[in-house]
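Q: Residues per chain, in single letters:
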Amino acid sequence: MAVEVSAGKLKYYWPVYLLVAIPLVMVLIFSYYPIFNGFIHIFYEWDGDTVEEYVGLGNVYKIMHDTDLWKSFGVVGIFVLANLFKMIIPIMAAVVLHHVINERANYIYRIMFVIPMVVPAMVFFLMWKYFYEPNAGVLNEILRACGVIKATEIIQWLSNSVLVIPSLVFAGFPWVGAFGVLIYLAGLQNIPEDIYEAAEIDGAGPVRIFWKMELPLIMTQVRINLILMIIGTIQQWQNVYLFVGESGGPNGIASVPGLIVFREAFSRGLFGYGCAVGFLLFLVTLCLTFINNKFVRTKK
Amino acid sequence: MARQGRNNISEICKHAFLWCIYAFTFLPLYLMLVISLKDNQQFARNPWLPEAPFHWVNYAVGWHHIGDKIFNTTFVAFTTTGLALIIAVMGAFFFARYKMPGSKFLFFLFMLLMMYPGVANMVPSFKLMTSLGLYNSHWALILGGVAASQAFTIYVLRNFIEDIPQDLFDAVEIDGGSVLHQIWHVVVPMAMPIIGTLAILRIIAVWNNFVGPLLYLRDSKLQVIAVALLHLEGEYTKNWGELMAGYTIASIPLIIMFLFCMRLFVRGLSAGAVKG
Numbered sequence: 001m002a003v004e005v006s007a008g009k010l011k012y013y014w015p016v017y018l019l020v021a022i023p024l025v026m027v028l029i030f031s032y033y034p035i036f037n038g039f040i041h042i043f044y045e046w047d048g049d050t051v052e053e054y055v056g057l058g059n060v061y062k063i064m065h066d067t068d069l070w071k072s073f074g075v076v077g078i079f080v081l082a083n084l085f086k087m088i089i090p091i092m093a094a095v096v097l098h099h100v101i102n103e104r105a106n107y108i109y110r111i112m113f114v115i116p117m118v119v120p121a122m123v124f125f126l127m128w129k130y131f132y133e134p135n136a137g138v139l140n141e142i143l144r145a146c147g148v149i150k151a152t153e154i155i156q157w158l159s160n161s162v163l164v165i166p167s168l169v170f171a172g173f174p175w176v177g178a179f180g181v182l183i184y185l186a187g188l189q190n191i192p193e194d195i196y197e198a199a200e201i202d203g204a205g206p207v208r209i210f211w212k213m214e215l216p217l218i219m220t221q222v223r224i225n226l227i228l229m230i231i232g233t234i235q236q237w238q239n240v241y242l243f244v245g246e247s248g249g250p251n252g253i254a255s256v257p258g259l260i261v262f263r264e265a266f267s268r269g270l271f272g273y274g275c276a277v278g279f280l281l282f283l284v285t286l287c288l289t290f291i292n293n294k295f296v297r298t299k300k
Numbered sequence: 001m002a003r004q005g006r007n008n009i010s011e012i013c014k015h016a017f018l019w020c021i022y023a024f025t026f027l028p029l030y031l032m033l034v035i036s037l038k039d040n041q042q043f044a045r046n047p048w049l050p051e052a053p054f055h056w057v058n059y060a061v062g063w064h065h066i067g068d069k070i071f072n073t074t075f076v077a078f079t080t081t082g083l084a085l086i087i088a089v090m091g092a093f094f095f096a097r098y099k100m101p102g103s104k105f106l107f108f109l110f111m112l113l114m115m116y117p118g119v120a121n122m123v124p125s126f127k128l129m130t131s132l133g134l135y136n137s138h139w140a141l142i143l144g145g146v147a148a149s150q151a152f153t154i155y156v157l158r159n160f161i162e163d164i165p166q167d168l169f170d171a172v173e174i175d176g177g178s179v180l181h182q183i184w185h186v187v188v189p190m191a192m193p194i195i196g197t198l199a200i201l202r203i204i205a206v207w208n209n210f211v212g213p214l215l216y217l218r219d220s221k222l223q224v225i226a227v228a229l230l231h232l233e234g235e236y237t238k239n240w241g242e243l244m245a246g247y248t249i250a251s252i253p254l255i256i257m258f259l260f261c262m263r264l265f266v267r268g269l270s271a272g273a274v275k276g
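Which chain is which? The protein sequence lines are C and A, in order. The numbers in the numbering used here rise by one with no breaks, and the one at position 241 of the first sequence is 241. The numbers in the numbering used here rise by one with no breaks, and the one at position 133 of the second sequence is 133.
Honestly, I wouldn't trust all of these hints.
[Claimed, not checked] Think about it this way: if two alpha-carbon atoms lie no more than 25 angstroms apart in a straight line, the pair counts; the simulated SDA-like pairs of lysine to any residue are:
hint, chain 1, residue 1, chain 2, residue 2
1, A, K127, C, V25
2, C, K129, A, F24
3, C, K129, A, A44
4, C, K11, A, F105
5, C, K294, A, K104
6, C, K86, A, L29
7, C, K9, A, K127
8, C, K86, A, V266
9, A, K99, C, V162
10, A, K104, C, K71
11, C, K212, A, E11
12, A, K127, C, L28
13, C, K9, A, S103
14, A, K104, C, L288
15, C, K86, A, L31
16, C, K150, C, V162
17, C, K294, A, K127
18, C, K86, A, L27
19, A, K238, C, M127
20, C, K9, A, A171
21, A, K238, C, A145
22, C, K71, C, M229
23, C, K129, A, C20
24, A, K127, C, F43
25, C, K11, A, G102
26, A, K238, C, L242
27, A, K104, C, R223
[As the list claims (entries may be wrong)] Listed next, the stretches of chain A that the computed footprint assigns to chain C, with coverage defined by at least 3 CB atoms under 8 angstroms from CB atoms of chain C:
hint, stretch
28, 49-57
29, 116-128
30, 217-229
Honestly, the hints are just simulated from the structure, not real lab data. Beta carbons: idealized from backbone N, C-alpha and C, even for Gly.
Use the sequences and the hints to build the structure in full.
A: Rendered as structure tokens:
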């Protein structure tokens, strides 16, 4: 139970605020001040330093007419949809792991989900880049070995405008991370034994148990991962940057909004426009989180 | 356990399914280690299996490229994580244990930041750090990282601290313990698995961050592993063995950390680190 402090008792309780003071000061200086500063600069042409010129809603007009930007929201939409499907394998993995009864095996399996996390993400990305590498890369080697493509044939997975987005989506297969799996598992472990017993008595098979019982009961965890996934995907651009570079692939076809912010600001020096696109990205994230909270309900 | 395996076949299917997943998740790790000991000819002939002679010299070259970056990265990662968790525990304690006038608004201020895209803040943050004289300093990364981690960390810790039984806090209070005593003697021991989990997640996040260091650090002496790897990958006339040896060396500190913290991490996440 939290201690309720009314305004009248503040005389004695005010030092409690000191607890939150340091984190608050930190975010005010290093998060809110830049946010505020960025918001102001939506209305400026800004070189990121001292040269700034008031342009009113100029950047907003520019956003409305920037077809590349709207395409990039389409691309990020594809990534969000793809990531939605990518949640299936981790959920399945958690359910199967939950049904491994031998406790020792269960523990070892859990550890084995964690071990690949020791590979730094940069290494993980670069390994996948090597996987797609046209000449010596793993994927083309496999296809050659299986006779799908000729020995001399080279498929440019990351520089072909048709293949680049599917390649980016597929990267990281089977998309299972320790974080997601262990969180689902925590939800599954909270399901009381007697519900399982009741289901067994009713003669429900594993598929039915999953759809009617396990999935609804871990919706809390699914929702958390869903929100984190959506926020993360909309804001993510580092993966695209690492795979195909700042240009966003052939003709910039795989550019996501975050990459555009980076490119406009740091390569082309249009910091004001970068701030404007960034703010738009914030509004989109806010809307989607709101929709998610409203429509993906959990059963308590 | 009441749940029984229906029969042996379903039992085998379960294990087979998990092993299929592991085959893929371990593949990068496996290839990294195998290729790190090959020279380019061996690599071209057979990238899949280990093969004598082993070229340990790849590791010497890899170390030459990123060895001194390990210290920088470790310093930034551990300082950021330590500071972030110390102040977030206090902040989370405030939100979990007190309903003060303005509490809700303050909490909202933190939560809103979870929605704010880091990339949108990159430009003004860069400007701020430069004007604070932190350009080309590790402290730009550390202070920025601490601030950026507060929202998520406080959110998770608050849920956890709210569930700690009141009796424990009362006991400390009767003994005349201050708020800091309550945090040190009740919150920290009770929430250790989750604090450990958050710490690991934070360290990994810092370890993987390449954008911040790319923007803020100019001297290559100060640079961190992630950026060094990026350069290594970019400017090489590809010598795959040396590249992979570099990757392996970059993983070693994380491997050591996981050796010590694996149990804590699994326990923390399994105990429901993140709740609805």
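Q: Each hint should be assessed against the structure and marked as holding or not.
A: Each hint tested on the structure:
no., hint, result
1, A:K127 <-> C:V25, "18 angstroms, holds"
2, C:K129 <-> A:F24, "16 angstroms, holds"
3, C:K129 <-> A:A44, "17 angstroms, holds"
4, C:K11 <-> A:F105, "20 angstroms, holds"
5, C:K294 <-> A:K104, "20 angstroms, holds"
6, C:K86 <-> A:L29, "21 angstroms, holds"
7, C:K9 <-> A:K127, "42 angstroms, violated"
8, C:K86 <-> A:V266, "22 angstroms, holds"
9, A:K99 <-> C:V162, "55 angstroms, violated"
10, A:K104 <-> C:K71, "38 angstroms, violated"
11, C:K212 <-> A:E11, "22 angstroms, holds"
12, A:K127 <-> C:L28, "15 angstroms, holds"
13, C:K9 <-> A:S103, "15 angstroms, holds"
14, A:K104 <-> C:L288, "22 angstroms, holds"
15, C:K86 <-> A:L31, "24 angstroms, holds"
16, C:K150 <-> C:V162, "20 angstroms, holds"
17, C:K294 <-> A:K127, "37 angstroms, violated"
18, C:K86 <-> A:L27, "19 angstroms, holds"
19, A:K238 <-> C:M127, "13 angstroms, holds"
20, C:K9 <-> A:A171, "23 angstroms, holds"
21, A:K238 <-> C:A145, "23 angstroms, holds"
22, C:K71 <-> C:M229, "21 angstroms, holds"
23, C:K129 <-> A:C20, "22 angstroms, holds"
24, A:K127 <-> C:F43, "17 angstroms, holds"
25, C:K11 <-> A:G102, "15 angstroms, holds"
26, A:K238 <-> C:L242, "17 angstroms, holds"
27, A:K104 <-> C:R223, "23 angstroms, holds"
28, 49-57, "violated (count 0)"
29, 116-128, "holds (count 13)"
30, 217-229, "holds (count 3)"
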